[in-house]
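Chain B: place on chain L using the hints.
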Amino acid sequence: MKILVCINNVPDTTTKIKFVNNTAFDSNGVQWIINPWDELALTRAIEIKEAQPSEIENITVINVGLAEAEATIRKALAIGADNGIRINYDAKDSFAVAYQLAEYIKKENYDIILCGIESSDYNGANVGGMLSEILEFPSVSSISHLDIKEGKLILKREIDGGQETLSTQLPFVGIVQKGITKEPKIPSMRGIMTARTKQLLVIEAASCESLTDFIEFELPKPKAACKKIDPENVRELVQLLHNEAKVI
Amino acid sequence: MDFKFTEEQEMIQQAAKDFAERELLADVIERDDNAIFPKEHIKKLAELGFLGMMTDPKYDGGGMDTVSYVLAMEEISKIDASVSVVMSVCNSLVNWGLETYGNEAQKEKYLKPLARGEKIGAFLLSEPEAGSDATSQRTTAEDKGDYYLLNGTKNWITNANSASTYLVIAQTYPEKKHKGINAFIVEKDSPGITLGPHENKMGMRSSDTHSVMFNDVKVSKENRIGEDGFGFTFAMKTLDGGRIGIASQALGIASGAFERALKYSRERKAFGTEIFNHQSVAFKLSDMAVKIENARNLCLKAAWLKDQHLPYGTASAMAKQYCADVAMEITTEAVQIHGGYGYVKEYHVERLMREAKLTQIYEGTSEVQKIIISRSLLK
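Going down the list, the protein sequences come from chains L and B. According to the numbering used here, the first sequence is numbered sequentially starting from 181. According to the numbering used here, the second sequence is numbered sequentially starting from 307.
Please note that the accuracy of each hint is not assured.
Unchecked claim - Here are the simulated DSS-like cross-link-like pairs (lysine-lysine), alpha carbons at most 27 Å apart as the crow flies: (1) Lys569/B x Lys364/B; (2) Lys569/B x Lys196/L; (3) Lys507/B x Lys524/B; (4) Lys590/B x Lys196/L; (5) Lys403/L x Lys364/B; (6) Lys418/B x Lys349/B; (7) Lys408/L x Lys426/L; (8) Lys569/B x Lys401/L; (9) Lys663/B x Lys651/B; (10) Lys403/L x Lys569/B; (11) Lys198/L x Lys663/B.
If you're looking for bench data, these hints aren't it; they were derived computationally from the structure. Nothing here was measured: the structure is a model prediction, and the numbers come from that model.
Just chain L, same shape as in the assembly (with noise of 0.2 Å):
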């Protein structure tokens, strides 16, 4: 089987959010690193490959962005995926994103297409949805558990109390869930070494309307102080929330 997994190229989360005169985002200073969910939909699929090598016969890693994405795609080869592919296009919206994807995957084979089901910096959770309607590939979301047994993939996802195991043909697109792993795979060493001589393919994206403007960036409103008020003090926590808060 051969995988392919979406990364994107995300500001760490800890970064402190600045924007350019409120119209473009400010990457002065900022460090990339790869979305936490794809970092983990890559992460289960190393461990499958490393667990079953016989059924694995390739990771991909593939993201659409510009140069500056190269070094989180070169990570992800230090953590274990065999080659990396940059479409080289500087998306706007979701849709671009699984468009540029899209255009690619309906040329190759891949058999397990794996995203994040959403990403730390715009949080759309569109990607994967978009993706798999585009291809008309079968596509399960929230996936928080993925294996192969006997040449066969067992997926589950959390429901309401309980748990949904699903099988499903393929190829398709898995919509990764927190779960799927316990962490992150720490790059070894080795990993970093030969992560220079893989492959990185940088490859012209495919011609695409873009249907998104960014009009302005606004930050959220800094909290109010908290107020604190004695428990046995209910009458004015009902006057606060009437008269200030106006919520009651």
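For chain B alone, coordinates are given in the frame of chain L:
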């Protein structure tokens, strides 16, 4: 001049940081309290290749440069110096010593499993009466024709119990003084080796430190490193590089304490504002930041010289002395900034302060570094 790290160096730094935060932080206080050796932690560190990160891939190492090693040592030491000391001894003393001066058969047999992290090494130089004065070795290695017979006691040996491979410095020709000293590869389970009790130390309590006694221990001739009488040079050359490891450990202890003090100063309020807004605290942090920057630059300079195959003995002595002394100062100030909370274990800084003290003492005291530095001024 280029102060930018390569992508690989940054990746290694991040990997070490992730490992330390994920694997070491949770139980570091408990291990320190109870002096428990971090066996499982070291196993994981070894699996990632950190114990042989600088060894040539030809001998199953990671093939990384010394700059990467400094970055990794700093990150691990921010959280747990008892773990980073294992990394330092393995990388810059045992593996480096064997790779640089061992013969091919020795490298095949001993270096490879060490570089893969399957085995741990220890470096046995200090003696009850030969610490800073390494020339007065009392441990003897009597030449018996086919083998050497080792007798004597080594003190303060890091990894003494957990190591499988010892590099032992001993005197073969006492009349020749330091020119009669040899270095040997000795397997820890050789008959005649016994260990003293685990040392009950002030800091780095979970590091595995013992004295090691040799009583008629037979060591094959093929386990001698280098020519007859090469042992003192071997020890000194190896310690030149070892100092970079301990310097970056001290740097990590200092920067770990600084980061905690900075965070605390922005959370803790006194007189109606975060204590960072009080100049007395802000200036302390400013001084700490400058010293850490200096310390880091000294470490990286020494590492860079080593990577360029340029002389680095004086630079590594400067780095070791400065980083260790600064670690002591900064951890003390970090405790002060934390006030009473700094004096209890939960906030980590008191442990870092205890750890810092050792960096001024082992692998050459700060005073010994000053001997090395001052002698170099006359050259």
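Hints and how they fare:
A C-alpha spacing of about 44 Å is found between Lys569/B and Lys364/B, which places the hinted pair above 27 Å, so the restraint is violated. A threshold of 27 Å between alpha carbons decides the hint, and for Lys569/B with Lys196/L the separation of about 16 Å falls inside it, so the pair holds. Of the pairs offered as hints, the one joining Lys507/B and Lys524/B is violated, with about 31 Å between alpha carbons and a cut-off of 27 Å exceeded. A C-alpha spacing of about 25 Å is found between Lys590/B and Lys196/L, which places the hinted pair at or below 27 Å, so the restraint holds.
Taking the CA atoms of Lys403/L and Lys364/B, the gap is about 57 Å. The hint is violated against a cut of 27 Å. Proposed proximity of Lys418/B and Lys349/B is supported: the alpha carbons are some 16 Å apart, at most 27 Å. Of the supplied pair hints, the one linking Lys408/L and Lys426/L holds, its CA atoms being roughly 17 Å apart against a limit of 27 Å. For a cut-off of 27 Å, the pair hint linking Lys569/B to Lys401/L stands: about 23 Å separates their Cα positions.
Proposed proximity of Lys663/B and Lys651/B is supported: the alpha carbons are some 17 Å apart, at most 27 Å. For the proposed pair Lys403/L and Lys569/B, the alpha carbon gap of about 20 Å is at most 27 Å, so the pair holds. Taken as a hint, the Lys198/L and Lys663/B pair is broken in the structure, with Cα atoms around 41 Å apart against an allowance of 27 Å.
In summary, the numbered hints that this structure violates are 1, 3, 5 and 11.
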